[in-house]
Amino acid sequence: MSYSFTVIIANVLPTLTSTFSATWNFPSEICRQNYSINFTGYEIQTNTNLSFFGEKVVIFYEFVFGRYPYYKDYNASIPINGGIPQECNLTAHLIAAEENITTRIPDQNFSGLAIIDLEEWRPLFDQNGYQKKQVT
Numbered sequence: 001m002s003y004s005f006t007v008i009i010a011n012v013l014p015t016l017t018s019t020f021s022a023t024w025n026f027p028s029e030i031c032r033q034n035y036s037i038n039f040t041g042y043e044i045q046t047n048t049n050l051s052f053f054g055e056k057v058v059i060f061y062e063f064v065f066g067r068y069p070y071y072k073d074y075n076a077s078i079p080i081n082g083g084i085p086q087e088c089n090l091t092a093h094l095i096a097a098e099e100n101i102t103t104r105i106p107d108q109n110f111s112g113l114a115i116i117d118l119e120e121w122r123p124l125f126d127q128n129g130y131q132k133k134q135v136t
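In the numbering used here, the protein residues as written are 1 to 136.
Calculated directly from the structure, the hints in this document are not laboratory data.
Since no wrong hints were added, every one of them can be taken at face value.
Label-pair restraints from in silico Cβ distances:
#1 F63 / F110: 17 to 23 angstroms
#2 I44 / A114: 15 to 21 angstroms
#3 T91 / T40: 41 to 47 angstroms
#4 F39 / R104: 18 to 24 angstroms
#5 F63 / N34: 28 to 34 angstroms
#6 S51 / Q108: 16 to 22 angstroms
#7 I80 / Y35: 35 to 41 angstroms
Pairs of lysine to aspartate or glutamate residues, derived as EDC-like cross-links and limited to a Cα-Cα distance of at most 16 angstroms, are as follows:
#8 K72 / E62
#9 K56 / E29
#10 K56 / E43
#11 K56 / D107
C-beta: ideal position from N, C-alpha, C; glycine also.
My request is simple: use the sequences and hints to build the entire structure.
Now the structure itself:
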């Protein structure tokens, strides 16, 4: 029995330890002047020079990802790009999103993380907070 357990652990352990990865994506370029963290010692991936956009990770917020609809300051009288998805021009959104992506990720062989962080409007209405629900 202990032999079987050892074989299982020997086969499973490398998979368990290599399935998780951590990536640092905080605008830390200025911090490098006074502080130093050994990210590689902790096996944390970073963009070159700790830049916010780079070869390991790029993040897109709604303001720089296509024509994402939302209400400025959750004010129903100030819709941006139609305010809600049903009022957004999908063709214009897709054209702008493609331009944003190719601008932020110029390398066609990019294999890092591309994160879309949409905070102004949640895809499911029930996930929107009280203030967001009031503008619809």
